[in-house]
Amino acid sequence: MPFATRGFSGRRGQADTRIPPGQTMVEKWPVLSAGPTPQVKTEDWEFTVHDETGTDHRWSWDELLALGVEDITVDIHCVTHWSKLGMAWRGVSLDKILQGVTSEHRYLMAHSYGGYTTNLPLEDLVGGKAWIATEAEGEPLHPEHGGPARLLVPHLYFWKSAKWVRGLTMMPGNDPGFWERYGYHIYGDPWKEQRYR
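UniProt numbering applies: residue 1 is where the sequence shown begins, and numbers increase by one.
Mixed in with the good hints there might be a few duds.
[Unchecked claim] Calculated pairs, DSSO-like style, for lysine-lysine (alpha carbon to alpha carbon, straight line, at most 30 Å): (1) 129 with 84; (2) 96 with 84; (3) 41 with 28.
FYI, nobody ran anything at the bench for these hints, they're computed from the structure.
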């Protein structure tokens, strides 16, 4: 089994309709990672979408931000049973990134600096559902939380919001990523408690 930060458990007994089953609300944002924290400078960072034709669509840090940064306030839910509500983020919508990419494939693999991967259906990344986040709670995203940029897909468990994201690869099928190969659910809906296979 690969190195991973130990799980988190919190207080029980809180009732809030924004908290999915089996979750506990936290105020502090826990740090959980698989492996060491990559140190990536914004001047070296690049984001690539690889489509089935073999074409790479690339954005530098400045090119990404030039697409238009927006403010987002969402709840996040970790598979290790914690939820953080009303969290403020800034980032670039995946709608803006993917609008110039044509593909017949309906799934993508997210890739991170450091080698982490996670699979996602295309429909879960478009329609105002996902962002490349560059700030959290009014500050640039810290490396331990996935900075300089991480995927933000708040309607799924947080392992799907890949830290240190560097790209997406279009896929014809829903092939499993890192944690999915180790028994995590292929989709990860917190409201259905899709934690594990």
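Taking only the CA atoms, is the gap from residue 129 to residue 84 under or equal to 30 Å? Holds. Residue 129 to residue 84 sits at ~18 Å (cutoff 30 Å).
Given hint residue 84 paired with residue 96 - CA-CA distance at most 30 Å: Given pair residue 96, residue 84 holds - Cα atoms ~26 Å apart, limit 30 Å.
Against the 30 Å threshold, does the CA-CA distance of residue 41 and residue 28 hold or violate the hint? holds (25 Å)
The structure fails none of the hints (numbered hints given earlier).
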